[in-house]
Structures are given as structure tokens and as C-alpha cells.
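Next come the chains, spelled out residue by residue.
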Amino acid sequence: MFKRIALVILVMFSLPFVIGVGDPMPKADFVFVEDAEYNSRDPQRMTYLADIRLASRLFETLVDMDFNDMSRNPGAAERWEISEDGRTYTFYIREDAYWSNGDPLTSHDYIYAWRRAMIPDTAAGYALFLFTIEGGQEFYHYREAQLADYAKQAKLTSGSEAKAMGLWKEALEKFDEMVGVRAIDDKTLEVTIKQRTDYFLDLVSFATYMPVHAASVEAGVTYSAETGRRMDDSSYWNNPKRLIVNGPYVLNKRKFRQYSYLTANPKYWNRGSLKNQSLLARIISDDMAMLMAYDQGVVDYVPQVSTAIAYDLLARDRDDVHVTPVAGTYIYNFNCSPKLNNGEPNPLADWRVRRALCAAIDRKQLVAKITRLNEPPAYSFVPPGSCAGYDPPVESAPIFDPQAARDLLKEAGYADGSEVKGLSILYNTGSGHDKAAQAVKKMWEEHLGVVVTLEGVESKISSQRGRSQDYTIRRAGWYGDYADPTSWLDIRSSKDENNTTKWSNPEYDALLVRASKEGDSAVRMRLLREAEAILLRECPHAVLYHYVVVSLFDPEKVKGLRLNAWTRDRFEEVYAVDRGDN
Amino acid sequence: MARMIMWRLLQFPLILGMIFVVTLTLAWIVPGDPLDNPEGREIAPEIKSALRKQYNMDGGPIHFGVSYLKGIVWGSERGWPDFGPSLTYKEERVVDMIGGSLPVSIMLGSSALAVALLIGTVSGVIGALRPGGFLDLSSLGIALLGISLPNFVTGSILLAVFAGTFKMFPAGGWESPWHIVLPAITLGIAPAAYIARLVRLGLADIMSSDYIRTARAKGLSQHKALFEHALKVAYLPVLSFMGPAAASVMTGSFVVEKLFNIPGMGDHFVTSVINKDQFLILGVVLTFSTMLVMFNLIVDVAYAWIDPRIEL
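Respectively, the protein sequence lines represent chains P and A.
Just so we're aligned, residue 1285 is where the first sequence starts under my numbering, counting upward by one.
Just so we're aligned, residue -19 is where the second sequence starts under my numbering, counting upward by one.
Hints in this document: simulated from the structure, not taken from any laboratory.
This list has only true hints and no planted wrong ones.
Computed Cβ-Cβ distance ranges for the label pairs, DEER-style: (1) P:Asn1658 to A:Gly(-3): 55 to 61 angstroms; (2) P:Ala1432 to A:Trp8: 21 to 27 angstroms; (3) P:Ala1320 to A:Val141: 24 to 30 angstroms; (4) A:Gly55 to P:Val1302: 28 to 34 angstroms; (5) A:Met(-16) to P:Glu1502: 51 to 57 angstroms; (6) A:Met148 to P:Lys1311: 17 to 23 angstroms; (7) A:Val250 to P:Pro1629: 36 to 42 angstroms; (8) A:Trp8 to P:Val1292: 40 to 46 angstroms; (9) P:Glu1368 to A:Asn17: 36 to 42 angstroms; (10) A:Val141 to P:Val1607: 29 to 35 angstroms; (11) A:Met(-19) to P:Ala1320: 43 to 49 angstroms; (12) A:Asn17 to P:Ala1652: 28 to 34 angstroms; (13) P:Ala1432 to A:Met(-19): 57 to 63 angstroms; (14) A:Leu277 to P:Gly1304: 25 to 31 angstroms.
In silico contact screen, one side only, chain A against chain P (beta carbon under 8 angstroms); selected entries: (15) Ala24; (16) Glu26; (17) Thr68; (18) Thr101; (19) Phe240; (20) Pro243.
Ideal Cβ positions, reconstructed from N, Cα and C, are used throughout, including at glycine.
With the hints as extra help, turn the sequences into a complete structure.
If you want it as C-alpha cells, here you go:
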């Protein structure tokens, strides 16, 4: 009997040695941490910042945005021209720009990629960025209707792949007719946009505008006989052997939830400027495991540590802990609908109540005692300094002033704060949101006598309830996608999907429209400033603080790494010195 | 026995089918939209509806469930079985995600079970040799500690001491057999303590039973009585414990995997639900239930192997 048990144990122990446990990680010149596996490597479909950062290492956009100084530099295009009316852009792609398989990079690759983002078949999360292009949105809706028709037809008579293909051919012709992009020749691309857009070049440097290797992607496309949709072969994007890129690095190897290994792209036109030959992203989600890996020298750089451990690291006064203010704002959305979902009148429909609540939040206290990461207290929605030429109207924001807050409540018809009833703060649990909510609740009770309840839920539930106005006050945050105030201000216009507050101000909407048509950028910024002043006065949301990112790297060992407000590192400039292992 | 196995295998699809229906219903009615991007921009309604079409989620749960089942039973153009795409990792197929992480969890789990069996059996036997003695009391004490300590505490301590201070083992990852040692111990300690108690109590009971006393009176040495006769019987409860323990240990532990950065199944259990990744939830639950049913069957067969008196 004992022998049998011993045999079983022995066999089980030998398993790891016989079958083997994973593979050793590749060695790389620079190793950094990602706290989760990338969600997508398909530039048109990605929406997460980590994915976008990865994509900028693999794919090169026409314009290269340097987020350290906000300069727009030639990327895959060596130069471009902008027409007098600001609506037509002509990009000249470098003669020496190639794909990693040696094919020349052409204007057709860009058109192919952009068209991909403009069709419902792809369901690109950021398709709206392409709608800046003349006819982009119209083409999307054309294709949507076309597919709906097809699906209806296919139910009656039977559809077929050939029919679906025919449908796409029609759509292609329509695209040439409707959409303002044109390949003048293989290396020249002309784009017409709907109206003058000062930040169009910023959009062009965004992931959705990245090129894809048209021939490879097209080779994987199949057509659904049932719905008529074009379907990509999604396995192309995470297969290092197949993925063809035009950026500084190629995807050399990857293991799901373990690592992504990037090596210098030998066909990249500017390969001489790379300061390292390989990058390794190690995926480590646990705080302690992350710190341990860093302390053991396994990783060189932790781009962001979680709020749970950031304060402890800061308190230790280490040279390798870096705090960077970033272009994002921590906010509390107010539900501004006249009535709540349960039919009760909504006290927050009155802007004076909202402003009173804002004025009763001691933001300095909040960042000093609760979040404790030296976040800048917020007095504007657009973080100061994040957009060149724009100075947010901080003077319009309510400052911490309990007396003024009480007066405002009285003016709104509440002699005492306890008469304001039915409010609750909805937040997603984790990341310290519960602590902040408790602090704000206490401030409101103390300074106004307004009693609110707290509701912590999962993030997806919170966002769903936000969208259906099933809340009174809801924690949210907003990061800019591109360096223009509209990246923030647009989400509070009446029609925007992101405006879950249901705040609506015709004057505000009109100012945004006027700004979008304005040719003079100084005047435009002034109009946007006026708009933000309205926003800050009427408080559809309370601005609490601007985010910071706490990162870890030893400046003695890691050179060339510049941290910026957009957390868009340029790893091609980075190199590690004094590394024992290579 | 062959009939029993056949019978159990026949019940198999029925059990899985019921689990599938219950899981699908739960996954469908929990609040939260899987296609949401909570911290970022709202995805435009027209894009969302396109995505819903793409994922076959626009026709309600029954339509979705039927097409999902089709993929599992008959497979699709992507091969067999097809558990569909992941909603979180846009380019991954659920079958690849499980295929990649299940072997990791099985490997870690079987090492943990080996640790558990080794430590558990040895300390149980030592305890039973001299009940009430110093070794017995200390092994019982350690067993109690092992059961009561949650594995994130044991894991953190092991990490801090053996990876942090002494640098004897890597801090985490899944690269070589060395990486398996600390997590296997962490995961194996609780079942080890449990096994130790089972063995110790069983042995003490049997060693004082009439037939052993008779055998001893006839001159059988204590060691022989213990190892050749008593252990066999004392091990039966361990076996019935091993079935569910193997299934739960081999399908991964969220805490241990996270702590040691191991790409196993445990993470899927938690994150798939948080992300409302319905394809993954179903895939993971079906995999787990299949394993659970299989392990219980294996345990029943092993019963017969150890003790031929048992009829199945």
C-alpha cells in the first residue's frame, strides 16, 4: 500500500520535469511591466491605452506626435501640406518606408485601414475619429443600411458568400464616391475633412489611423452568407509569424498573459535611431509580485503602480518613485434630469444645488488626507497645461467655501441641507474610490447638512447605471484622447453619448459649434474657454482632482525615459545600463 | 464496474447540459454590459449594435445559447470545439485561452497535490505511531495552522522569505520547474493539513481495532501492521477527499496564481465574471464541471483499486 502511495506521489512530482514548465522569458534590452494582457493588437479595434501604446511601437502613423513637447513630427509621411481652407491634407509617404516583410508602404495601406475603421463590420471602438473625414460617417451609415437590407433579404431567399462579396464591391464603389480620401499615387495621400479641424493631425497620429498591411488583412477576410458582413481573421493580430508591421519594432514572440517580446524592425526606415534592440513587456497583475519583480531587477520599469501601494512607496522617499500629473480629471457626475428614474423630482436638476455641493468639497483636504498622492486639486475639467494655447477658466469653478455653498442652497429653496433628499454616490469599488466617496459624504454632511448614501458596485454595473441615468451622483474620470480641449468639452454637449449627466445648455452647445467652425485658432480657444466657463459655473459634474501616475524606475539605470502627461512613453529612446544579465 | 462507468458517462451530457443552462441564465441576467468600456469613452450605440451582431448576442439568450452549443458540439470553421471569441481579449478564442491555461493549472495542481499527499501522509503516520506524543501534537498543531491560514498569507510569507530575503526561488512567473516550488507548497499546505488529520485519525482508530490487536498479538510488528494493513483502510477517506480537491486545485486558484504570476485557470474564473465575458464564463464553467465529474469518477474507480472489497 505504502509503495502505491509513494509511486503516485513520485509520478506527480516528476510531472513538471518531464513535461516542462513554460519557457524562459526572452532576454531584452529593456523590460517593463504591463498589469494586464493586451486586449487587442488590431489598431482599428483597440480602445485601451495600453493597447494604443503597444500599437505605437508596432505601427507608424503618418504624423508622429511627441507627447513630451506636443510636437507633430513627420512619421511615415516625410511631409504634408494643408490647403488654405484647412480642409484638405496631402501626405507624402517616405520613399524608404517599408513593411516588415519588405513590401513598400503605400497610401493604399492607409486607405484600406481607414476604410476598415469606417464600416460597422469592424465595429471599431473609435470609428468616430474617422468621422472627421468628409463622408466618413455617411459611409458608415450607408454600409449599415446595406447590411440590414441584406440580412432581411437573406432570411427570405438564401444569402451566399458570393452575394455578400458583391455587396462589398458595391460598397467599395460608394466609398470612392462618398469619402474624402484619395491615393494620388502610391506614396501620396489626399484627405479632405468635413470642416477645418485644428487637431486633425493629432487624430492622424492616433491608433485608429494606423496603417495595416492591406494584402495580409484582406487575405483573411471571409464573408458571412447570413449577415453579409466582412469578417476579419482575428488570429492574424496575435500571431507573431503573420503580423506585418511598419513601426520601429516587430512582434517577435508572445505568450498570452505572460509576455510580449518586441525586437527592432530591420525594415524600419529610422532603425538607426533606436536606442535598444528589444523590448519585453512582462504581464504581472499583482501589486506585490510586480514590486518583487522590480526589486529583484527582473524588470526595469513599472509604468504605473496601483493606488493601493503608491502611497506607501511615496512615503519611503525613494529616488526611483516618480509622480507624474497626467491629462485626466477625477469627477463626480451629477444626474441633471428634471426627474429621477423613480419619478421623484431631482434636486440636482437645479444648478445651484450642484454648485453648492461642489463648493462644499475641500479638494485640498481630499488629496492631502485621502488619496495622498499629491494630485493637483481640480478647478477645471480640462487639466491646465494639457493643451497648447488653452488656459482653462479656473476662476469660474466653485472654490471650497462652505458659507457660499449654504447660501446657494438657500437660494435654491432649501433652508437646510437636510431637506435635500434622495442623493447617493455611486462608485465602482477598488482603487480607493470608496475612501474618496466616504470623505466627500462627510464633507457634505458637515458643511451643508446634506446626507447622502454610498453605493459601491462593479465598474460595468456602474457604467451601465450611468448610461441609463439610474443614479444621482456617480464617480467617473475622463482622460483626453488628443491634446485639444474638445477632447474633454465635447462629452458635455447635449447630443454626446458620453454625456450621461443629461445636462444640456444651448449656449454651451452653440459655443462648441461656433468653435468648430472658427478658422482662427486663438479665437477658437477663446470660444472653448467661454464654453468651459459655463460648464464650471453650472457644474454638471464636480471636478475633484487631476490624476497622477506613480511609476517606478531607477534613473541611474534607465536612460532616455521621459514621463509625460499623456503617459505615452517613447521606448525607442530608452536604454538600460548596468544590467547584470546582458 | 464497467457498467457503472458506462452509466456514469451516460449521465455526463445531461449534467453538463443542466450546468450550461443555469450558467447561461445567470451570465445573462447579471447586470452590466460586456461591451462596455467603463473607464473610457462610451462606445457609440451604432458600434455597439454592430458588435452585438458580430458576437451573435442580438437575438436574446436562447439564440445565443443555441449557437454557442452548436460551436461546442459540432465545432465551427475554426475547429472543434469552438467556445467562441473572448469579449475582453478581442483576438483570442476561448478555446485557446483555456487550452493555454488549463495545462498550467493541472501541472501546478498536481504538484500541489503531491506536496499535500507527501506532507499529509508522512505527518499523519508519524502522529499515529505515538498518539499523544510530542511529534503527534506538533504535527496536529501544524495541521491546524495549515488549515486555518489562508493561502494568500502563506504565499506572501513564502514569497517574502524564500524569494525576497534568501533569493532561493524566483519571485513569480512560469518559466522553469523552479517556478513551481513555492506556489505548489502554498497551494498544497491546506490539503496537506487535511490529509494529515484524516490519516492520523483513521490510523489511530484502526490501530486500536480488534483485528489489528489480534494480528499484533500473533507477533506482527507495529510497522507491518501499520503500513500493510491499517494504512490501506485509513486511506479511504483521503481518497474521497482527493476527488473534489483535485478538481478544485487543478482548475486553478485565483489567489495563488495572482500572487505568483502564473497564467493558469484561476484568473479566468474571477475576471471573466468581472468583465461579463459570457463566452469565457461558459467555457470556464463547462471545463470545470467536466473535470469535477471526471475526478469523482476516477476516485470511485481508485476506491476499487485500493480496496477490492468495494463493489461499484
